[in-house]
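Q: Modelling step: build the complete structure from the supplied sequences, incorporating the hints.
Heads up: the protein sequence lines correspond to chains A and B, in order.
Counting from 1, one number per residue, gives the positions in the first sequence under our numbering.
Counting from 302, one number per residue, gives the positions in the second sequence under our numbering.
Everything labelled a hint here was simulated from the structure, so no lab data went into it.
The model shown is predicted, which means the values in this text are computed figures rather than measured ones.
A hint or two may mislead.
[Claimed, not checked] In silico DMTMM-like cross-links for lysine to aspartate or glutamate, where the CA-CA straight-line distance does not exceed 25 Å:
id: 1; chain 1: B; residue 1: K459; chain 2: A; residue 2: E197
id: 2; chain 1: B; residue 1: K521; chain 2: A; residue 2: E197
id: 3; chain 1: A; residue 1: K191; chain 2: B; residue 2: D390
id: 4; chain 1: A; residue 1: K191; chain 2: B; residue 2: E432
id: 5; chain 1: B; residue 1: K521; chain 2: B; residue 2: E510
id: 6; chain 1: A; residue 1: K191; chain 2: B; residue 2: E500
[To be verified] Non-contacting residues of chain B with respect to chain A, defined by C-beta distances greater than 12 Å in every case (computed):
id: 7; residue: T393
id: 8; residue: T400
id: 9; residue: D506
id: 10; residue: E523
id: 11; residue: A573
id: 12; residue: G605
id: 13; residue: A627
Even glycine gets a Cβ: it sits at the ideal position worked out from N, Cα and C.
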Amino acid sequence: MSRRALDEKQQATVDAAQVAVQSRGYWATVLVRIGEDKVTLVCGAVLLVIVLSVVFADWIALADPYKADMMKRLKPIGTPGYPLGGDEMGRDMLTRLLYGGRLSLFMGVTPVVTALGIGGLLGLVAGFLGGRVNMLIMRAMDVFYAFPSVLLAVAISGALGAGVGNAILSLTLVFIPPLTRVTESVTTQIKNLDYVEAARASGAGNLTIIRVHVLSNVLGPVFIYATSLISVSIILASGLSFLGLGTEPPEPEWGLMLNTLRQSIYVNPWVAALPGLMIFMTSLTFNLLSDGIRSAMDVRL
Amino acid sequence: MSDYEEAVVNSSHANLAETTETGNILVVNGLRKFFPVLGGILNRTVAEVKAVDDISFSVRTGEVLGIVGESGCGKSTTARLLMHLIPSDAGTIAFDGQTIGGDLELRGMRRQMQMVFQDSYSSLNPRLPIEDTIAFGPKVHGTPADEARARAHDILRKVGLDPAQFIRRYPHELSGGQRQRVNIARALALEPRLLILDEAVSALDKSVEAQVLNLLLDLKLELALTYIFISHDLNVVQYISDRVLVMYLGKIVEIGAVDDIYERTLHPYTQALLSAMPSMDPDRRIETPPLTGDPPNPINPPPGCRFHTRCPFSEVVCATREPELAISPATNGAAHRVACHMRSAGSGHTQAPA
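A: Dropping the structure here:
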């Protein structure tokens, strides 16, 4: 084969490869990459099962989560009618885990979403405007950093009193500073890139530049960071309930269940460990999933 | 008739008019930018970096003005000042005889004057398809979305990229040369009359650089553009420029037609720069470095002529009095100006003309 023909053949292969790459957009590429990542897929599936079964607890659960039965206290896993045993009041564990997950997931997700809105906005403003505004916002956030996050959450909800609403409020306050800081640092980086300068040179105002050029580039990293915070939030919310600052009995909630079953750990350790296992599984899958999405979104590798 | 064809027709008239006596598209007067150096506990200004110090020049309609100088001499700061991306401390910039910020609104100026950045990667939004990047400028100026998109396709074709193949691509799917073409397309989308090219080809390899340079020259003819071409590559500047402006430490040291600068060099700094120019000819090899050391710190530039610390012809007068950028008796034409005591009559320098 002549050299020229060889070159042409090679060129054709290159062209075909380019067409293949070109045919999918950015998000499609991300999806394909997630599809190739087994760990992320498994974690996504497990998380999906947990979320769905918790949301549809009304249809799945066999019993009433509040109905106590003194005769069925601390039954082991596998007792007929009690697939995951009974708790210290003789209530069905499976039912309580399903209903408890509702509150746990709600208390895990709500503070992060709220804090993402508030902290994201603050960070965007601080990063984009810079100067005095930046200093004002970021120094105010530094005040919150002086306290460990667990302590801060306990202190705030302790001061406000027990209850789901107050626990969510205190967790939101705990998550605003880190989300502000992450958004601010990403925004500051992007603000100084040439494409933002080019957008300004074409006569665009600040709002248009933020909407078209800054937001799309800030959102990715910040969103991934927020996902990893959800697992922290679930653990913190469970911790608050464990300390009696979140939900109150007889409301089912994983952290609270862990607390009340604590005394029975020598009688029936497997049942007592179940809420902890759920917390562990949920936060682990959330973490691994956000890790997977992070690496899939780094298309420029 | 499309906007572009119209522009071309109009411009050819303009070109005819300009051959008689060229109008100035841009007149810069006393432009100055000092960056404060903050220090101490109260963040007070303790010193100033004199990035651009009182420079004046003009750009003629339809020409290519090359700006050369070492890194840190204020080339890019000048470009950013011209684009009003950073505020100037003093001086005026007039576009077409209208002072920007005064007679001419900033937004109006930005339609007429655009810039191509050096780093073709960081100057394109990685999350935006090429089409949206190019159509962004026209949309900001109120062009309806589908018209802006059509214009983007049009311009993409002009810079030598097939719209059908490229519009939906993202920057990371393009090569360096393709990205720089997209950058040029983005700048042209607003149909500007003046294009500032800040090291626009410096990051490209030689073969691609040549393609992009030729593209720039073609576009200039086709769209009747004026270029300010900033580069540290003297060969490229010689190839593309009509006139050249040499900067040193925030000052203009020499300005003139390209042949005057390259063949009838007057300033010792320009001479040093030119002798540092790599040549393909082994007979023109130089063994000794024409200039040693780094430029002095622009925070405290030397008094008098800023080049005197490195100048082989430096004398007492150079360290005490600052030379003015003026027409020298040594030049043949009026357009060649230099800031050097050796070229100025009665300056006190021993080599000065009588």
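Q: Each hint: holds or not?
A: A quick look at each hint next to the structure:
1. About 24 Å separates the Cα atoms of K459 (chain B) and E197 (chain A), which keeps this hinted pair within 25 Å; it holds.
2. Of the supplied pair hints, the one linking K521 (chain B) and E197 (chain A) holds, its CA atoms being roughly 24 Å apart against a limit of 25 Å.
3. Pair hint K191 (chain A) plus D390 (chain B) holds up; C-alpha atoms about 23 Å apart against a cutoff of 25 Å.
4. Restraint check for K191 (chain A) and E432 (chain B): satisfied, since their Cα atoms lie roughly 22 Å apart, inside the 25 Å limit.
5. Among the hinted pairs, K521 (chain B) with E510 (chain B) is consistent with the structure: their alpha-carbon atoms are about 16 Å apart, no more than 25 Å.
6. Distance hint between K191 (chain A) and E500 (chain B) is fulfilled; the C-alpha atoms sit about 21 Å from each other, no more than 25 Å.
7. Listed as outside the interface, T393 (chain B) is consistent with that label: its C-beta sits roughly 19 Å from the nearest C-beta of chain A, beyond the 12 Å cut-off.
8. Distance to chain A confirms T400 (chain B) as a non-interface residue, since its nearest Cβ pair spans about 18 Å, more than 12 Å.
9. At roughly 18 Å from the closest C-beta of chain A, the C-beta of D506 (chain B) stays outside 12 Å, upholding its exclusion from the interface.
10. Non-interface call for E523 (chain B) relative to chain A: holds, since the shortest CB-CB distance, roughly 21 Å, exceeds 12 Å.
11. With a closest Cβ-Cβ approach of about 31 Å to chain A, A573 (chain B) is found to remain outside the 12 Å limit, as its non-interface label requires.
12. With a least CB separation of 36 Å from chain A, G605 (chain B) remains clear of the 12 Å interface cut-off, as annotated.
13. For A627 (chain B), the condition that its CB be more than 12 Å from all CB atoms of chain A holds, with the nearest at approximately 34 Å.
Consistency note: the structure conflicts with none of the earlier hints.
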